[in-house]
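J.: Residue numbers (the working numbering), protein chains in the order written: chain A, 1 to 311; chain B, 1001 to 1311.
It is worth saying that the hints were derived from the structure and are not from the lab.
These numbers come from a predicted model, not from an experiment.
Note that the Cβ used here is the ideal one computed from N, Cα and C, for glycine as well.
A portion of the hints provided could be inaccurate.
What the hints assert, rightly or not - For lysine-lysine, the following BS3-like pairs were computed, each having C-alpha atoms within a straight-line distance of at most 25 Å:
id, chain 1, residue 1, chain 2, residue 2
1, B, K1278, B, K1230
2, B, K1203, A, K235
3, B, K1032, B, K1157
4, B, K1234, A, K124
5, A, K93, B, K1050
6, B, K1235, A, K157
7, A, K124, B, K1296
8, A, K234, B, K1235
9, B, K1235, A, K271
10, A, K235, B, K1050
Unchecked claim - Looking from chain B toward chain A, a few residues come up when the C-beta cut is under 10 Å (computed):
id, residue
11, E1010
12, Y1091
13, R1096
14, E1149
15, G1224
16, I1240
17, I1260
18, F1270
What the hints assert, rightly or not - Far from chain B, some chain A residues (derived; all Cβ distances over 10 Å):
id, residue
19, L125
20, E193
21, T209
22, G264
23, R302
2 protein chains.
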Amino acid sequence: MKALYYDNQEKSARYLEDYEIPTPKPCESLIKILVSAICNTDKEILKGYKPDFCGVLGHEFVGSVIDSNNKELIGKRVVGEINESCGECIYCKTGREHHCINRKVIGITDKDGCFAEYMTIDTKLLHIVPDEIPSEVAIYTEPLAAALEIIEQAHIKPSDTVAVLGDGRLSYMISQAVSLTGADLTVVGRHEEKLEQFKSFSKTTTNTTDTFEIVIDATGSPTGILLAQKLVRKKGLIVIKSTYAGTVEIDMSYFVVNEITIMGSRCGPFKPALQLLKRGLVTLPPIDLYELKDYKKALESRSFKSGFRFI
Amino acid sequence: MKALYYDNQEKSARYLEDYEIPTPKPCESLIKILVSAICNTDKEILKGYKPDFCGVLGHEFVGSVIDSNNKELIGKRVVGEINESCGECIYCKTGREHHCINRKVIGITDKDGCFAEYMTIDTKLLHIVPDEIPSEVAIYTEPLAAALEIIEQAHIKPSDTVAVLGDGRLSYMISQAVSLTGADLTVVGRHEEKLEQFKSFSKTTTNTTDTFEIVIDATGSPTGILLAQKLVRKKGLIVIKSTYAGTVEIDMSYFVVNEITIMGSRCGPFKPALQLLKRGLVTLPPIDLYELKDYKKALESRSFKSGFRFI
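Make the full structure from the sequences, and use the hints.
T.: Next up, the structure:
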């Protein structure tokens, strides 16, 4: 089958046409990929972010179940969570399967991903896509779930003032999700033209002296925390949503004296993400789809989201 | 009157015998100090931590009310909170008076402190000391309240595993307070001999590979956060309790990927601190008391706690 393979020796991606179709284990399903999407993490892997990983890239997909231990799923259109947990460790046994210490992560850690015609996946990670949601929209389930994780972790009240830092893709998804809480939302960005698209659901600014109860860093930059520090109220909350290579120098005493909380946030719940997409409460720009062989163009695309079409 | 005065021009303390007895404002009480105690913050001020402050040092005291707008308090033995709030700002109006942006802080910001025979204080900051508590014990109210602030901010469950980092005074107070929750507590220190005193209410270790749901940094060192990062479980909580000069270099992505929360914690509630001291549920070593003129000895004392006696 066709596959985009990451070789950690060569630190680059290779397009293959003869990669073997995987065989599902007893607990797994075989998925025919319909659409898969590129995430920033994929680009980070290509830059060397995961030196131990070697295999098919990609973790955002919509597919069709070809074979499964759960016969009811066969023929269904699905999306899939990305963390395959062991069920045995302290995290699995305390409701934190996403943090399983033995976990495999599709296209990221010890498990082939979805930039291929077929993929296997632990069946319990699958969610059926409601018929109302086209695949080009359902592809946003995983990143929207990650945005919802903020609301899963932190109580954002309708009366709160919230700032989201950044005017990119991550911020766009987070801002829409947060706007549904009714909170007084301001998106703080650098580019007037990018901020235009936020204006239907948020205030926007390129420069503010206001302060906010909750500040969400979606800048993708190590210095996002420093801007958040300036904008958050005393006793307020900073949610850090973006990962990046490199460290940042922090004066922790500021957070002690002002009793500020900093919360890291990663993967989130799929069911509510599918529900919001089905109801059209979160709307996202169309994904820019390529043939897998044109992966270089797809990786370089400046569209809101790009990916691959396998049909 | 006698007073220990910090002069920010000279960056040193001066012992005076002719400092004027202060006159209380309409909302204030005049306090005759019985006992006052040295806190690490006082030593930091002497090192230049508060370059804007000029005045009488000290913020931990037990005193007797000489005059007050609240006549019922006159003659009573009291302790006092340290943050004098404006009542008007966003923090005062949202239950965060400790963080008032116009606040004066006794012996720290814009307000003479308690290393003197008399002091004035906003009457609403006073708490009557129950007769059962000797002044030498009541002097611990303010630091114990600060320890309780952790439990005020974070839900520490009886079934949680908690590590407190540090084997000094701050850790001793925090560890005792946390031990009352019933949580499985481990104090992580560097000095076997200091850890001895923790053993009646906590496990102790100088080196652990265990992980904990909640890690409280009371090391007083910028690198405490890095040890906390190693010991905290994924999706766990780090409480930072110690302030220090200087920054620390942090890989924030670690906190995002592992969804760890970092919470700063400072001043706390006096009433429960007095209640625990009254019931003898928190016990602390005797304070080492000096005459004010012997302030250098008091500052250099290696006792658990040192301070001044004015009677």
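J.: Does each hint hold? Answer for all of them.
T.: Going through the hints against the structure:
no., hint, in the structure
1, B:K1278 x B:K1230, "violated (37 Å)"
2, B:K1203 x A:K235, "violated (31 Å)"
3, B:K1032 x B:K1157, "violated (41 Å)"
4, B:K1234 x A:K124, "holds (22 Å)"
5, A:K93 x B:K1050, "violated (48 Å)"
6, B:K1235 x A:K157, "holds (22 Å)"
7, A:K124 x B:K1296, "violated (68 Å)"
8, A:K234 x B:K1235, "holds (23 Å)"
9, B:K1235 x A:K271, "holds (21 Å)"
10, A:K235 x B:K1050, "holds (22 Å)"
11, E1010, "violated (25 Å)"
12, Y1091, "holds (6 Å)"
13, R1096, "holds (5 Å)"
14, E1149, "holds (8 Å)"
15, G1224, "holds (8 Å)"
16, I1240, "holds (5 Å)"
17, I1260, "holds (5 Å)"
18, F1270, "violated (17 Å)"
19, L125, "holds (19 Å)"
20, E193, "holds (28 Å)"
21, T209, "holds (13 Å)"
22, G264, "violated (4 Å)"
23, R302, "holds (25 Å)"
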